[in-house]
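S.K.: Here is how the chains run, residue by residue.
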Amino acid sequence: MDSFSTGSSGTGPPQFSTDEFMDQMKVQLAQAYAQEFLETVREKCFEKCITKPGSSLSGSESSCVPRCVDRYIEATGIVGRALLTSRSNS
Amino acid sequence: MDPSALNSPDLQRFLNQEKEKAMVNEMVAKLTSVCWDKCITGTPGNKFSSSESACLSNCAQRFMDLTMIIMKRIQSMQ
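Top line first, the protein sequences correspond to chains X and P. Heads up: the first sequence at position 74 corresponds to 74 in UniProt numbering, and the numbers run straight through without jumps. Heads up: the second sequence at position 61 corresponds to 61 in UniProt numbering, and the numbers run straight through without jumps.
This is chain P alone, in the form it adopts within the complex (with noise of 0.2 Å):
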């Protein structure tokens, strides 16, 4: 492989987009998986009930409030 076709812009920023869709991709499958064990506590029925759904929509926004939490009482610590 020729490795000044590693420079090539295009190259570069299909990695870069790839590389955003794959930490959005991971975020959304551990997230799903979290909230699924906290949400949806029975036999998985023909669809959510209105509080399994509000569960799982709301799981995931606390998850990411969590995040901002964590990373100011550390910077807070520094």
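For reference, chain X alone in the conformation it holds in the complex (with noise of 0.2 Å):
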């Protein structure tokens, strides 16, 4: 875990500091979040837009991502706005 001791140039045990362990966590929870998303952005726009793989994209493909992008992005959003209610209301 050294990458959470701030660096001490005198004698001791490394200082670790409870701010600095949840700065980098947040950093990391949101770099693991954003992988994850991206990943699955990527699998369901490939599945719509892809569907016969060519030796480059056609324009159609390539008009179809970034709309597929929009829409997984709205969907994200209404399925969470969804929870919300449902869990209120149990």
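Bear in mind the hints are in silico, worked out from the structure with no lab data behind them. All C-beta atoms in this analysis are idealised placements derived from N, C-alpha and C, irrespective of residue type, glycine included. Keep in mind that a hint or two might mislead.
Ranges between beta-carbon positions, derived for each pair [said to hold, decoys possible]:
no. : chain 1 : residue 1 : chain 2 : residue 2 : range
1   : X       : S17       : P       : N58       : 54 to 62 Å
2   : P       : R62       : X       : A34       : 42 to 50 Å
3   : X       : S56       : P       : L6        : 37 to 45 Å
4   : P       : I74       : X       : E47       : 30 to 38 Å
5   : P       : D65       : X       : S56       : 43 to 51 Å
6   : X       : D19       : P       : G42       : 28 to 36 Å
7   : P       : A54       : X       : P66       : 20 to 28 Å
Starting from two chains that each stand alone, build the complex the way the hints lay out.
M.R.: Set out below in structure tokens:
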């Protein structure tokens, strides 16, 4: 866990800072969530947009992908809000 | 790392919050994946049709309904 210790040029054990640990965790969590989202969107949009892979992306395939990304983000919002509604009703 | 730092109440609160956030994130991600597959059948357009967005919302709520039904069923068997 050396990455969580502050560098200390003096003697004694490395100082452990709770705030630094929490900050680093937040960054790593955000990166992990973003990575997972990217992989999911890629899989979904490849499936929807690239039906017959050719030697390059066709025009319709290229225009489908950004639309698909926008729709998937929108779908995440719709599902998230529906989840909030059902949680408050249960 | 000093093990006593793990007992910090700030850290415990933080970890519990992040654990909760991770669980919610996982549920939303899984639901979106399942409901996208069920509801968005054609090529994605510039916006959702009203039936597509209704389907997504309904799908999420019905999925949650299922959780309660299944739990009660299993409980009734014990």
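S.K.: When the structure is checked against the list of hints, which entries are broken? Sort them ascending.
M.R.: 1, 2, 3 and 6
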